[in-house]
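Number of protein chains: 2
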Amino acid sequence: MKRSDRLISLTRYFLERPHELTRLSTFAEKYDASKSSISEDVNIIHTMFEKEGIGSLHRYSGSSGGVSYIPYFNKTDSNAFIEGLCNTLEDPDRILPGGYLYMSDLLGDPQTIRQIGKAFVSAFYEQQIEAVVTVETKGIPLAYAVAAQLGVPVVIIRRNMQITEGPSVSINYVSGRSKRIQTMVLPKRFLNEGMNVCIIDDFMKGGGTVSGMVSLLEDEFHAKVVGIGVLAEAQDEENEQMIEEYTSLIKVSHLEMDKQRITVKKGNYFSDK
Amino acid sequence: MKRSDRLISLTRYFLERPHELTRLSTFAEKYDASKSSISEDVNIIHTMFEKEGIGSLHRYSGSSGGVSYIPYFNKTDSNAFIEGLCNTLEDPDRILPGGYLYMSDLLGDPQTIRQIGKAFVSAFYEQQIEAVVTVETKGIPLAYAVAAQLGVPVVIIRRNMQITEGPSVSINYVSGRSKRIQTMVLPKRFLNEGMNVCIIDDFMKGGGTVSGMVSLLEDEFHAKVVGIGVLAEAQDEENEQMIEEYTSLIKVSHLEMDKQRITVKKGNYFSDK
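Keeping their order, the protein sequence lines are chains A and B. Its first residue numbered 1457, the first sequence is counted upward by one per residue in our numbering. Its first residue numbered 1457, the second sequence is counted upward by one per residue in our numbering.
Same shape as in the complex, but just chain A:
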């Protein structure tokens, strides 16, 4: 096999398996090439990945050594994407009764999800995250987009006890704005005790749901929540957020039903520093 062919094949191999360690000898066998040729291929791809701002190939030496693709993404690249998203979301047709914003069409587009996932990875790639946690339903694709790049599993908190998921821990919490008591359930098998996790969700209004997730994870599973990422937060002068430290990609404010006006700006990830 020629070098050009190997480069194409290896590029795909690494992109599909973030954080997975593969030995050089595995590649040498697969491509019937010398380890030194493979090593050169890896260098070429590493340099190109760094140049394109999508991460790097890490080498680990020793008997359990090998190569692993560690993605990280450029915050500046995400910035342009999020600006476009803000413009799309400012359409008054998106305002729904109760001060909600229709975003489901965007969340249904795999390409948009991929870009949002990259933005979160650029925010969290330095944390030692062992699982990505979300609550059903709309945060699920975002959680998978992040988890795929971090090479970790997704854990989905449910709204009801599920017969197909075995013994579970349930908690009640008060939702931020409506002050209603709600339930969330996490099956015991889903998460080992004491893991480092990050929380991903689509929308945060009062922060009640996220705060409930933190309680469930930290108090019941002794997990450490090392990051909280929300796609959109609702900014509201009257109500304080129940959560202090989080990363938001966009900020929705001035949702005025009467005037059919809405303001969508970049979230604290892009604007606070």
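Source of the hints: derived by calculation from the structure; they are not laboratory data. Incorrect hints may have been included.
Note that the list lumps identical chains together, so a pair holds whenever it fits in one copy or between two copies.
[As the list claims (entries may be wrong)] Distance condition first, Cα-Cα at most 20 Å in a straight line; then the derived EDC-like pairs of lysine to aspartate or glutamate:
1) Lys1680 - Glu1506
2) Lys1507 - Glu1472
3) Lys1644 - Asp1565
4) Lys1644 - Asp1549
5) Lys1491 - Asp1565
6) Lys1458 - Glu1496
7) Lys1721 - Asp1561
8) Lys1644 - Asp1561
9) Lys1486 - Asp1533
10) Lys1486 - Glu1508
11) Lys1486 - Glu1506
12) Lys1507 - Asp1547
13) Lys1458 - Glu1506
14) Lys1507 - Glu1485
15) Lys1644 - Glu1582
16) Lys1458 - Glu1508
17) Lys1635 - Glu1700
18) Lys1486 - Glu1674
19) Lys1644 - Asp1547
20) Lys1680 - Glu1700
21) Lys1507 - Asp1488
Since the structure of chain A is already known, use the hints to place chain B on it.
Here is chain B on its own, set in the frame of chain A:
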């Protein structure tokens, strides 16, 4: 930029954007190269993609012409993956009360989801699918994995009316085995009338849920269901499936709680023909 660098960059570009058409002149500008060089690069990548069984690069000529990556995957590759999955699932620890099988850990792993998505794409890539439809919750990551490769959006049917999704159509249906009446809701904005869709779900027992989805889609949205894919079907001598034509990747049978025994075999996609 050298050819080797362009090949790495282009490989990533195509893999990330299935079914998206890009003009050769766009690449020529991006890489500061002649169109004939780009054209050669495209040929090299096309040949390699075909060799690796992951699809091909299609050329479209004329004024709106360009190149587009059309993924298809080898059924034989999926076959080996599904055999491994069957072995994993036959573990008696996975049997839950009521004859359910614990699969959530596998569904939480992005790499497993990617492989399952590929198997469905290998089954459905010849259909002209315009959207992938699933019902919350566990089919969602599978639906995204399929939709990303087909280059189409995902539509999620909900169990309850959602305030954040606007006017919706609801139907009641009878779940296959428990004979309980249940509800499903599809917001009107989610789907245009008359689209070709495929249904993806994680588990099919009596087929009641899938049959409800077909009614909702065909009767209320005048959609055409051109494919139905379920990860696992429960095989049961006593009850007939309510759905006749579908593609299953695995078949679960002999779920005997007392004996703690379970049989997991390949589904009809691999075994019927």
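Here's how the hints hold up against the structure:
Within a single copy, Lys1680 and Glu1506 get their C-alpha atoms no closer than 31 Å, and across copies no closer than 45 Å, so neither meets the 20 Å cut-off. For the homomeric pair Lys1507 and Glu1472, the shortest alpha-carbon distances inside one copy (19 Å) and between copies (17 Å) are both at most 20 Å. Taking identical chains as interchangeable, the C-alpha atoms of Lys1644 and Asp1565 lie at most 20 Å apart only when they sit on different chains, with a minimum of 17 Å there against 32 Å within one chain. Taking the shortest alpha-carbon separations for Lys1644 and Asp1549, only the inter-copy value of 14 Å comes in at or below 20 Å, while the best intra-copy value is 42 Å.
For a Cα distance limit of 20 Å, the shortest separation of Lys1491 from Asp1565 qualifies neither inside one copy, at 41 Å, nor across copies, at 31 Å. Taking CA atoms no more than 20 Å apart as the test, Lys1458 paired with Glu1496 passes in both settings, with 13 Å inside one copy and 15 Å between copies. Taking the shortest alpha-carbon separations for Lys1721 and Asp1561, only the intra-copy value of 19 Å comes in at or below 20 Å, while the best inter-copy value is 37 Å. In the homo-oligomer, the alpha carbons of Lys1644 and Asp1561 lie at most 20 Å apart only across protomers (11 Å), although the nearest pairing inside one protomer, at 33 Å, exceeds that limit.
In this assembly of identical chains, the alpha carbons of Lys1486 and Asp1533 lie at most 20 Å apart only when taken from different copies (16 Å versus 35 Å within one copy). Taking the shortest Cα distances, Lys1486 and Glu1508 sit within 20 Å of each other only across copies (12 Å), while inside one copy they are farther apart (27 Å). When the C-alpha separation of Lys1486 and Glu1506 is checked against a cutoff of 20 Å, the pair qualifies only between copies, where the shortest distance is 17 Å, while the shortest distance within a copy is 25 Å. With identical chains, the CA atoms of Lys1507 and Asp1547 are never at most 20 Å apart, being 36 Å at best within one copy and 46 Å at best between copies.
Only between protomers do Lys1458 and Glu1506 lie at most 20 Å apart by alpha-carbon distance; the minimum there is 16 Å, versus 23 Å within a single protomer. Taking the shortest alpha-carbon separations for Lys1507 and Glu1485, only the inter-copy value of 17 Å comes in at or below 20 Å, while the best intra-copy value is 29 Å. For the identical chains of this complex, Lys1644 and Glu1582 are neighbours neither inside a copy (28 Å) nor across copies (41 Å), given an alpha-carbon limit of 20 Å. In this homomeric assembly, Lys1458 and Glu1508 come within 20 Å of each other (Cα to Cα) only across copies, at 14 Å, whereas the closest approach inside a single copy is 24 Å.
In this assembly of identical chains, the alpha carbons of Lys1635 and Glu1700 lie at most 20 Å apart only when taken from the same copy (19 Å versus 47 Å across copies). Proximity of Lys1486 to Glu1674 under the C-alpha cut-off of 20 Å is found in neither arrangement, the shortest distances being 44 Å within a copy and 48 Å between copies. In the homo-oligomer, the alpha carbons of Lys1644 and Asp1547 lie at most 20 Å apart only across protomers (18 Å), although the nearest pairing inside one protomer, at 42 Å, exceeds that limit. For the homomeric pair Lys1680 and Glu1700, the shortest alpha-carbon distance inside one copy (16 Å) is at most 20 Å, but the shortest distance between copies (47 Å) is not.
Taking CA atoms no more than 20 Å apart as the test, Lys1507 paired with Asp1488 passes between copies only; the shortest distance there is 16 Å, against 28 Å inside one copy.
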